[in-house]
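When you get a sec, could you build the whole thing from the sequences and use the hints?
Here is what each chain is made of, one letter per residue.
There are 2 protein chains.
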Amino acid sequence: VDNKYALIVAGGKGIRMGTDIPKQFIEVGGKPVLMHTIIQFLNYNSEINIVLVLPQEHIDIWKKLCAKHSFNTKHKIVAGGNERFFSVKNGLHYIDDKNSLVAIHDGVRPMVSKLLIENSFNSVKKNIGIIPTIPISDSIRYVETNENSKHIDRTKYRAIQTPQTFIVDEIKQAYNKDYDLSFTDDAGVFEANGGKINLIDGNVENIKITTPNDVIYFDLFLKNKKLI
Amino acid sequence: VDNKYALIVAGGKGIRMGTDIPKQFIEVGGKPVLMHTIIQFLNYNSEINIVLVLPQEHIDIWKKLCAKHSFNTKHKIVAGGNERFFSVKNGLHYIDDKNSLVAIHDGVRPMVSKLLIENSFNSVKKNIGIIPTIPISDSIRYVETNENSKHIDRTKYRAIQTPQTFIVDEIKQAYNKDYDLSFTDDAGVFEANGGKINLIDGNVENIKITTPNDVIYFDLFLKNKKLI
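As given, the protein sequences belong to chains U and H, one line each in that order. To convert, count from 1 in the first sequence and add 1; that's the working numbering. To convert, count from 1 in the second sequence and add 1; that's the working numbering.
Note: identical chains are not told apart, hence a pair may lie in one copy or across any two.
No more than 20 Å apart at the CA atoms, straight line, and that leaves these computed lysine to any residue pairs for SDA-like: (1) 32 to 44; (2) 197 to 174; (3) 173 to 183; (4) 151 to 185; (5) 224 to 212; (6) 151 to 183.
Bear in mind the hints are in silico, worked out from the structure with no lab data behind them.
So this is what it looks like as structure tokens:
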């Protein structure tokens, strides 16, 4: 069996939260959001290798939080870049285990299911990366301008989550190419380098925690998982 | 000034809620969701004419709820059809005031803002219907199959809400055409009859209440609107 890595990217500055605490550090159910996220990967497999990418200026905060919460699980901490692309690239630099698999995951998605992590790793194949998607619940329109838009069939579109999972060597090669503004996720970088993407089902609770309501949602989730 | 109508469609059977109570009848903050929705239109304009479309088998339940909550505001109750198309069509049948305006709204969207209702009515023009949209927050892909999907630019797409607002005569003409399975909202019916649609900004809280978590979200909204 190949080694497995979780590359967890927590670059957010918390601007959208309307608070000084970056959202990955907000404590919910007694622990920072980011710690919940890491623990969920360990719940999936206690042997998984964790690489955590944080903005340089957050590394001390994180270390203090780990001390406060007696979070002693070994994990590699890497300083991020100005864009998500460079943060992921910096994290991949510390993974030399070329034939292993890496799941690249948003630090603020603590509700990722163990089943989704398992399916992600199990579905990766040579030159095929795996990303989770869920149906879009709203009706949507394609919009040129407010006066020029058209109805589209929403069943043809799906919303993307993380983790996005790849063979380490392949995704590292993709991240060695130049940065392009059109890259919005790892799948895009992988495809730009000739890789193929297969979709699997995400889990609907696996939202990005970006607003105060998302924090409440997560708190309720921890208190009563049947709610969701 | 033309008369204004709110045609509120509450056809849901509540199947997705995992409960026997249709979601429009669930009490939040002391009142059924549907009553909150109607009251919000009255908050916008106490003179607005309310036409409420309910499944035949829910009409007695609704009347009992109105008695229980001493909800005495005059409103026309109309029995719905098997599809939303026929429910709206049945409701429009009871609006004879041809040059007036009608806002067609989901009964389970109680968090519609007064500003959105106002902007909707004020933006309608001859042969132009108005629908509210909000940005799509997730990355999305166009999906043929799990093995054949592609990244798209989500800034070109927007999620649709209600109310969808029209000149009564024009939307009635559109609803006189035959039903087509491709109709997913009033805008689609209107466009199929040659009408044009302009978009305005919706309000993000104006979600459809379809899950237990949505109910919690609405409860928190009522308790502390600053949350959202």
